[in-house]
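Go ahead and model the full structure; you've got the sequences and the hints to work with.
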Amino acid sequence: MRIAGIDIGSRTVKLAVLEDGQLILSRNTMTSYNPLATAQELMGDAVFDVITATGYGRHLIKGHLDCPVISEITAFARGARFFSSDCRSILDIGGQDTKAISLDQEGNLRKFEMNDKCAAGTGRFLEVMATALGFTIEEFSKAGLSAGKAVKINSTCTVFAESEVVSLTAQGAARDEVALGIHKAIVSRSIGLLKKVAVPGEIFFAGGVAYNDCVRVLLEKEMGQPVFVPSDPQIVGAVGAALSSL
Amino acid sequence: MTFNVSDVKPLINDEFTGEPTKRALQYISNQRASGMPVVGLYCGYAPLEVIRAVGAVPAILCAFADKPIPAAEEVLPANLCPLIKSSYGYIITDTCPFFGLSDAVVAETTCDGKKKMFELISSHRPMFVMDLPQLPDEAEARSNWATMISKLKGFLENTFGTSGTSEGIEAEIQATNIKNRLIRRVYEYAEKKPPLLSWQELYELSYLAQVATTEHLLPIFKEIFETIEERDDKGIYYGSPSSPRVLVTGCPVGGDSTKVYRIIEEAGGIVVAMDACSGMKPFLSDIEEKTGDPIGAVAQHYLEIPCSCMTPNTRRLTELDKVIDRFQPDAIVEVVLHACHSYNIEAYKIMTHVKEKHNLPYLKIVTDYSEGDVEQIRTRVEALLESI
Ligand code: SF4
Ligand code: SF4
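Chains as they are written, first to last, in this note's numbering: chain A, 1 to 246; chain B, 1 to 388.
The set of hints was computed from the structure by calculation and includes no laboratory data.
Predicted model, so just to flag it, every value in this text is computed and none were measured.
Don't take each hint at face value.
[Claimed, not checked] Selected chain B positions facing chain A (Cβ under 7 Å, derived; list incomplete):
id, residue
1, D137
2, T379
3, E382
[To be verified] Derived pair list, reagent style EDC-like, types lysine to aspartate or glutamate, alpha-carbon separation capped at 16 Å:
id, chain 1, residue 1, chain 2, residue 2
4, B, K193, B, D325
5, A, K196, A, E222
6, B, K115, B, E140
7, A, K111, B, E386
8, B, K364, A, D116
9, B, K364, A, E113
10, A, K62, B, E230
11, B, K355, A, D66
12, B, K9, B, E230
13, A, K62, B, E375
14, A, K111, B, E356
15, B, K357, B, E319
The beta carbon of each residue, even a glycine, is placed where N, CA and C say it ideally should be.
Next up, the structure:
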């Protein structure tokens, strides 16, 4: 049987299809103003027997596909175990939200925390800051990694932080040092959530921001725990949804 | 979430079904038209028995809508509890009909935000601020609070030119006890698995029962019991036997913040108990009768309200234990209004207590009266219910 999961996030839509315990299809695309059409397009010719939806737009598609839905939190809890069978602490930094989840030995949800309703400390925050500094996302992470020291960013709000960055560079602060400061800010916000739930051992890091090496390195250092990033960190929620179709 | 059959007769079956505020408004308008002064209140600590004993009718003032908040924020800081902002906004935009009917207002020194907000509205109506002791178990607390209650009585008597007697207060104590016992009998049907009533019905009953006298409620109770016993006979219930049962605790919830109840039900849960002031808290205990010191008995009763403005507020945990034992929830949801520090901090104790003592999953939701966070709340609530 082919089981599928679709994760309709605020920034991207992801589709995963599994067969016999193997991930056989993984797709993702940017969310548009019409997430339903985006989701339908993404599913296109994909073949599957059952599908479960998750993510911010899950209820939107439920009515159209007549499929079950699960929350992102449960989806990430299940999906993480697919990639790392004994993981217990999970951090997901997506486009507009951050989740920290912990599981018990058996993989049941133990505790979770999510960020407040604003985009501070999420993928969107990084995008805005990279643009403000004139970097692509890749350059931005590299600049952070290469900086010798960090310029402290005081604002947590995306809008205020952006103007803070603009004025820091106008005052002559080095771009890479500001970049490191921003990465530190996002990591310290995530750690605030993670410390409320995490258990000792490896941290499973998912979501688009997990591609960012600078965030990963800082996270490892600040938490003092190893951080594992799966091969496709953005697909975790969709895989978890697929697994719950069974 | 619905009943298992359609066309169920509402618990309170009148033209105001689903509109508890309008029902209360009509009741208070009628009382006022018959010559009774109206006393506006904002909090569960206002001693209703004394207000009634001086011949006045209590009115719960509006505090639960988002609408007047922008007006309030022209004066108040945005980073303040929405209940306080809403209360103030209603007054300055002159849109709270209950305030319009009020001849006096009773206020208490509960949290800092309310205390300072009261100062700003004190010029609008004769107002009496009661100094609430916040260490309720100290020896002086009861006598100090009793003194405040006596002073309140004097203030109301002077303002309205009426007088209340000790016998009158004693009679009101006994009336409250009759009312509270009847309400607790109604709650027995919410304890059932599945429950026989919806959260809306429980909420409407609390709303009416805080303003109406026991005498006026008796015929309504008669009908309520007929309705509910009929449900029992016919096997009518709310939700489904497999729906997770949720107890909601924390800050008062009403009007726009009932979005949380709605979301819980949309996620497949049923709200079986609401232990805040807006729900069951006022009715869960009795006032001691025939003590010879009715003001002292009233003082004792209200001091025992387990509000987070008290410290260390251990009673909140013991009361919560009782509510958990009675209603057998599968999960606890705590609603904390934005910038309500006392409930927010106390939430940590509640979380630890329900997890360790009752092994129940717990979720804290920090929210305000806007609709902006509905989807975020939904994700959290769904995850909570999925984890049961
Ligand atoms: S929660 Fe506390 S302050 Fe608020 S109404 Fe109840 S008793 Fe009053
Ligand atoms: S909810 Fe908290 S902050 Fe708001 S009025 Fe009540 S005690 Fe005060």
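Results for each hint:
Annotation: B/D137 was flagged as interfacial toward chain A, and the flag is violated, the nearest CB pair being 31 Å apart, outside 7 Å. For B/T379, the interface hint holds, since its Cβ comes within 7 Å of a Cβ in chain A; the closest pair sits about 5 Å apart. Using the Cβ-Cβ criterion of 7 Å, the hint placing B/E382 at the interface with chain A is satisfied: the shortest such distance is roughly 4 Å. Restraint check for B/K193 and B/D325: the C-alpha separation of about 13 Å stays at or below 16 Å, so the hint holds.
With a C-alpha separation of about 14 Å, the suggested pair A/K196 and A/E222 falls inside the 16 Å cut-off, and the hint holds. With a C-alpha separation of about 22 Å, the suggested pair B/K115 and B/E140 falls outside the 16 Å cut-off, and the hint is violated. With a C-alpha separation of about 12 Å, the suggested pair A/K111 and B/E386 falls inside the 16 Å cut-off, and the hint holds. Simply put, B/K364 and A/D116 have alpha-carbon atoms about 12 Å apart, close enough for the 16 Å limit, and the pair holds.
As the CA atoms of B/K364 and A/E113 are separated by approximately 10 Å, the hinted pair is consistent with the 16 Å bound. A C-alpha spacing of about 37 Å is found between A/K62 and B/E230, which places the hinted pair above 16 Å, so the restraint is violated. Distance restraint check for B/K355 and A/D66: the Cα-Cα separation of roughly 36 Å exceeds the 16 Å cut-off, and the hinted pair is therefore not satisfied. Between B/K9 and B/E230 the alpha-carbon distance is near 10 Å, which keeps this suggested pair within the 16 Å criterion.
A C-alpha spacing of about 15 Å is found between A/K62 and B/E375, which places the hinted pair at or below 16 Å, so the restraint holds. At most 16 Å may separate the alpha-carbon atoms for a hinted pair to count; A/K111 and B/E356 meet this at roughly 14 Å. This hinted pair checks out: B/K357 and B/E319 have alpha carbons roughly 13 Å apart, not beyond 16 Å.
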